[in-house]
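Reconstruct the complex from the two isolated chains, following the hints.
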Amino acid sequence: MALKQREKAASDARPEKKRAVRVNQNRIYRLIGEVDRPLLITIIALVCIGSVMIFSASYAVAESRFNDSYHFARSQVGFAIAGIVVMALVARMLDYRILKRFAYIFYVVVLGLNYLVPFFGQTVNGATRWFVIFGIQFQPSELLKFALVLACATYISNHHSEMRTLKGGALPLLLLTIPAAGATLLQSHLSATIIILLLMIVMMWLSGLKGVYFGVVMGSGLTLAAFVLTVGRGIIEALVPQALTRLQIWENPFAYMSYETGGKGWQPAQSLYAISSGGFWGLGLGQSNQKHGYLPEPQNDYIFAILCEELGFFGVICVIALFAVLAYRGYHVSQNAPNRFSSLLAMGITSQIIIQVLLNLAVVTNTFPSTGISLPFFSYGGTSLIILLAEMGIVLSISRYSFIEQG
Amino acid sequence: MAGASQKFTPSGSGRTSVVRARVALAVILVLMLLMCVRFAYLQLIDPADYRTAALDQYTSSVTIPAKRGSIYANDGTTELAVSATVYNCFISPADISEFAENSQQTDKPITREELLRDVSTGLSRILGVESSEITEKGNRVSSKYQIIKKFLNETEETAVRAFIADNEYQSIIHLEETTKRYYRYGSFASHVLGFTGSDNQGLSGIELTYNEYLAGVDGKSVKAADAYGNELDSGVGSTYIAATNGLNVVTTIDWTIQNTIEKYIEQAYEEHKPNGRVECIVLDVNNGEILGSAIYPSYDLNNYNTLSPYYQQKYDAFIGTDDERSAERTKLLYEMWNNTVATQTYEPGSTFKIITSAIALEEGRIDYDTSSFNCVGGMVVLGTEIHCHKTAGHGKQTFSEALVNSCNPAFIQIGNAIGSTTFKKYFEEFGYGQVSGSDIGGEVSSIYYATENTQFEAIELAVYSFGQTFKVTPLQHIRAVSSVANGGYLVVPHVVKALVDDNGNIVKTFEYETDRQVVSTETCNKILKSLTNSTKNAAVSGYNVVSKTGTSEKRDTLREDDYISSCVTFAPAEDPQIAILVLVDEPTQGQHFGSAVAAPVVSNILTEILPHLGIAPNTQGEETVTVNDYNGKNAYDVKTLLEASGLKCVIRGSGETVINQLPAAGTVITADGVIILYTEGAEISASVKVPDLHGKSPTAAIKALINANLNVSVSGIFNGDYTNCSVVAQSVNPGEMVLPGTVIELEFLYEESIE
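These protein sequences, in sequence, are chains A and B.
For what it's worth, our numbering labels the leading residue of the first sequence as -14, then goes sequentially.
For what it's worth, our numbering labels the leading residue of the second sequence as 950, then goes sequentially.
Excised from the complex, chain B in its bound form (with noise of 0.2 Å):
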């Protein structure tokens, strides 16, 4: 064997063959690298599907909410609108099956019949639902979602809670979480704050125009779970982000101001009954900050969706089909929500004359000093005759007096000396025609007809010198004429100034152009100068003011006798901090000029906000003394003393000490007052009846009170001017029995008919 060992071959008698088992291997190899080609494919190739299919049950995505940012008002820390976490009551009548089939193996069967009926009952007592409504939602068997009720308050939550507790009714009754919108003041500044949906969207006002940053980013939270349900804390694919929430918005709106014209509108509403709405505007002039702005019909905030009562009115008045009543309802809806002092547009009328006379004055088409203007009753203007409201005439006036008088012949000189060109070059240099680029949503631009060069030319000029014909919204108007009370610049009227975060850190403040200067400082003061103090009925005491009325008539309206009747005021005169604009859409009560409807309005609100912005008066008002304590002393004496101060002083009894009197220490009573000094014998009783002094002029009514034994309280006499004026209210009725020395409030207007 040449000792070498030989190795063995297989083929024909040992092993197989070693081509039969290599191409064996062969395959078997080539079918694995086949399949890892497949795996290849599955893993790394086309993968997404199948991978998005598998995430996709074994993870859920549940929404955290972003909290919606809360709307201060101007100080920052008076909430206006805030989002508060709130439950809804929900039940899942396929789980009241379950619990009832469940129960038929323990010691308490029940069937779904008295379950259902345990839970209607049960829920009805707490959420004062209808019992019937709940057991015929919870007969929805396949449903597992049936809202009872929304928007739970505390006291039904922890009841709910407990109810669950008591009856372990978790897989029937449940709880989740929601927000609402509270609006902590109902109607307050409702046409400005606007409101949010359900869904978190502001759907008008500063929540819709501010929704970006109010609304704030929803979180998410991703959760895996097994196939029964139970979180995988291994949880490839869970993952969490944190909602974002909104950032809190910082209004202009100062609280105290938006209540005094919302409380003072609301007074004129009711006196003049106006087919339309009673509007206001309180605009800070040098920035164009809104510190308030009310219309009158308001709605409730927090119930937007409900008519008020105003406009349930009109709903229930509607006759139609239940289609019709429903759009009818809509339409109501809409028109109650409406913000016209930014999307509805009015003829300015008189209050107009500012901007013609400050177009005038800065073109130099007339003199200050020097122009005259003869005024008799009306003029001709290519063949049409325009009627002052004065018809026997101002005669011949200065500028300032036809200012002043409101007379349309004067103004359509001036508009004739300006130029149709010229007017049309100011008249959008003051912001008309365009929108304010307000915060304010949906606001509209004014109406103009702009025909020149034309034969119409002259009569169109002659009419919207005094401000008729052409439309503009009121945040225009009060704009436009707030760059007169500012030394002639332009600002952008706004409500909402900074947004801040959680921690009162501002994020963000809202800068406006306010350098845009239309017309000089001088022309503004020479206007300011023959406007203050002009309209008696909006004369603020202690303060001067300046003012402008209007009563326009609307042209577009199919009856005669229109009227919307609007006064303008800037105070204090000297430096004007504020304009407020007062309207009144057709009153229907009493007088229509806009001197006797919207002045006092303006003279009501300005008499209160004016100190509250700290603005100080500089004349004083009525003189009046406080009442002192005169108690034990002698009676004679004190009225001695009094007498020779100019109170009146009645003793009443057979005494000489007083040991009563009238009005109680403290009071205040006007310098010209009535004090009752009793001494013994003297009964203290309800002994005088009030006059009635309805029309009587400011001296007789005085003279009747003090007669009467009775003091007063005097509002609307501007620096004791007594003349063409008169008692309109007193604050106790006529024929009613006070004490002696009780402090009756009268209420005086002048009679201006300057429109």
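Isolated chain A (complex conformation) (with noise of 0.2 Å):
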């Protein structure tokens, strides 16, 4: 004991000032650390240029729109600053653990909203998707996503032994997934519902799922993707039309560009005039022509385009090493979690911001259908914001607890 207590006095000294707490009986410490800087450094990064942009690609709408060229990057700022807040926050106070225990709960009650906003919620553009509080604007399913990974993490790591069967793991996680699934669908969200389908899969595989079972649910998940694409278009058709002028609107958006072929090719086909304009360097910061009334609602989902035109393809790369990055550091930190579960929690949110790019940079470059999936850290949108860094508060806090040392 005298030892244990010598050494605990010794790692109380260390230079890293560790702060080592009696966890149980079994003598486990957790050693309580500083955050994962450069993973700090990053999301702040990240912040950072995404609020030069809002202003960037906002300030002609903005005036033209409001007569007031800061509308738009007044309010991300403030929500910027606001989220930043709420991360430093959850990285210093929270301990994880709690989540755990209250994971169930929320999101049944997240997904409980889901089903509520079609009814009760506001329309913006034709779709239901936002409940408005306090003059503020919320979107239930961003915090569905985030649930999902919470009730996946928490389950997985209850039952991490049975995971690896098709029964004890595949099932009981499809199970969950699918009501979250459901409720985008009934809010017409299609690009909420592919990070949904998309979060389970990578719950599953980071589960520990033999991989012939994951494999059989890639199979079915792909194999129906290209029944979509193929031979059921026709059903499709007859289904769900507007799904299929998307897919068409796809494969030629400059076909769809003008008032009477329905116009709904002109923001991807915009988008992509507005990525070649750049080159290499850009056109400069601020200096995109697109922004001014040809891309429309340049400061949402293709905020990115601007980037390209402005900051060019060396931006891109710069925007896209920065996120790299923040993929690297997320699995650096769920290795080094102290559990299970946090550890599934930590990758389970890096994914979840890492599909939301990749979409977003699909979508943009009319690489996948235009879906409406906005940029995590750049697309206008603040509680988003304050969402995101709230998870990546989470993050942080996770990171802070590293090294589980036995006793």
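Hints may contain errors.
Keeping only pairs whose Cα atoms sit at most 30 Å apart, straight-line, the calculated DSS-like set for lysine-lysine is [claimed, not checked]:
no., chain 1, residue 1, chain 2, residue 2
1, B, K1457, B, K1169
2, B, K1373, B, K1339
3, B, K1093, A, K249
4, B, K1478, B, K1374
5, B, K1172, A, K249
6, B, K1016, B, K1093
Since the hints were made in silico from the structure, they are not lab data.
All of these numbers come straight from a predicted model, not from anything done at the bench.
Next up, the structure:
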């Protein structure tokens, strides 16, 4: 015991100033240190670049629509500051174990909100996905992704011995995900559905589901996708005509630019114009032409196209590199997390962000049909940014609890 | 625990599988890399199409029209053609609908019909365009551009602007800037200057030949605008390329000379009513500058698409279907525009004898002093009889006499002496049979039937020698004969001498070869000597001139007796500076001889332009006196004085003191004129009836006028030579009552039947 106490004392005296807390009778100590610096810096950098880009992309639209160039930027910067405060508080104060305790309840509540939103929510651009609380728009589906990751992480860590089997691993995760996917479909929020399904697959993979079963799940998913894109087109056309149009627009957005053809191809086409106009060095920050009414809503889902135009391929590489660092540090935190739950949570949150990033870049470049996926840290949206930073706060918080030492 | 902290391995219990997490990370990174490749493709590898499309949608290009250069007379300051900014007025019917629609929400709602009516009547009042026409255009509802009137004048422009401002019709009525070519003097030098189409493209004449200099280079203004049309100041892709104004052309056309020749060829046209045209060229024989070149009938350059009255008459007389009439109109327009001085050939006739003489003298085939030629009124060449215009024959003549007599048999002999090979060689050396290299557009070559070594050779040569059968352009002909005037050098006739910029700096001068000698100066001098003052009707009072007339038969017309009457003259004879060619194509009124038709025109023109050119007269013309003021003087003293100086003096009234006089003081009268002095009791009244003097000889005519107490002023009389000369015109018609002492101008013409 004395030895342990000395060790504890010694560990207290470490230059890292890690604080050892006695956790249980097995004399396992949780060492609470500083947050992961590279991750923190990366997040701050992304938030800063994102805020600058929000201003650059939105000022023309803001000026013409609100007579106030700062309309979007002011709000977004406010939310960014608030978000960073939230992130800092979460990172500093939160004990991730509390999350596990409320995971299912949280999931059920969020799911409930998502089922209510089609009936009580606010309709924007024909989609009913928002609640308005005290004048602030709030999209419950943003929270749903996190709630799902949290619930999955909780389930997997509680039942990890059964996870390798189809029945014990894949099925429960599937059952957990289906209500979430259903809620987003009900909101006609296809992009959220796709993200949720992808998150499920990621969580299954990380859960340790036997490779064969994982292959079965992936295979059936891919088969379904292939069917949809080829033979099933006729069926889809009959059932959901707008979905087919969406595919046709994706194949050639330029054919659907005019008002007569519905104009749905306008945004992806203008996005491609903006991206290609950038070249290597870009036109210079603030110099975009496309944001002047050509690319609609340049501050939203297609903000990256404006970044491409203004900062060029060089800017693109820098931002993608920052996201890569984010992914790597998320992985790093996950690998050094104190236990399975926190490890899954860190990797799940990281994956959720990166999935959104990749999908957004794919949409912006018309590599994937336009579905309305915002770009984390960049796209305009206050509550979404706060939720995002809070999630990053959780990852940062986990990063502080590294190296569980066994006595 | 050996004091060592053991790292926790996740497999089994703690964290997720390292392998699974690594695979997940790897998949993420690979996907990111693929996205980078996608961006690289779009931004670096193949961005051109999208970039161009983007540029196209936010930039608009506006052409900044270059100002077309002006055309100046040879002084470099007299503007002949200028471009001015003017406005076209157009309406946007689509915006009329929108205006009416928008007005429904205001306190002044107006229907589309009411609005259009208001616009139509307003514009109709200002622009003088039929209101119904505007309404009709205004009803083309989908259009945004309906021209109401082009080239508004300043008053119209101001009124339209006021109309727009008063009614806030900014969206409906528009003025667009454009340029219009103005020709200061209308039909002045129309065939030389040519005209420019509405697209700033020269279509004929100097406007066409020098279009590349005159046109300038249009500029371009590319502006970037946002999707709502507001200009973007960040403006990537905005460029401004200023227009380069066209250069100004300085022609060789002398404004005074051109005006003079235009005046007299019109007069000749009215007098002789030719079937064809009257043409005249004045050439500076030393450098080939065309000082004047005119064709009558001409046309108005400012309305080049309107047939001039002469052609309109022809068009009106044309009977045919609408298509045929339309084709006929086009044909007539081209005919009207055609600068036939360079584009149409004719038989030069006897004026060509200058060239035949030069060849024969240069080659030594005849001797200027000793050769003699016999003429019996005709000559048979290879069984074909060729007549001399003097059927009685000229008898035995020296070369000089034969040339002055324009004796065809003599020239057949001279031609025979030259031989067809030499003749053809010189023909080409004189610049015939080829284009002159002039800057007058559309020049054609000559028509020459060279059939050497055939049985026709002799007869061809015979008629060639006096300028028949082959055809040349007036331009080629004046060029060739000018070489005889300048000592043997062939010049290149041209109408433009320099290009100047807007500050008057010379940018380019056009130099033409002037040192190509065809015949020796000696030869030339002999011909000049023979022909000096040889054509009395072409004589110029106070000057010696070298003239040769021609009356050529048009062989290719079906009618008989179609003649081209022409006259070539060099002045002054001592050192020729200019050559003038006047040509009347098929005169129908009066005589057809060149000496009677074309020579007087030359005389009239030279009388005016030689002093203008600063060439001093070397002989005094008719002696004249200027009438003094005799008021208050003793009438009889004055009479004695005047009569002593050769003037006739008549005293009217009973007094002795002069109280009035005719002609008034300062009037110039002939030295043998009449002065009427009025004393008390005499009334001044138009008491003299002008006698009919037509056809009277100079002596008889002048005597008749003096006897009637009238003064006389004479034109057309050469050096007091009254033989074969009669009045052809008098300034006051016979029978009219005039004041005594009035100066009556008489025009005389020598009855020379020289071809």
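Hint-by-hint comparison with the structure:
no. : hint                 : result
1   : B:K1457 with B:K1169 : 26 Å, holds
2   : B:K1373 with B:K1339 : 28 Å, holds
3   : B:K1093 with A:K249  : 28 Å, holds
4   : B:K1478 with B:K1374 : 25 Å, holds
5   : B:K1172 with A:K249  : 28 Å, holds
6   : B:K1016 with B:K1093 : 27 Å, holds
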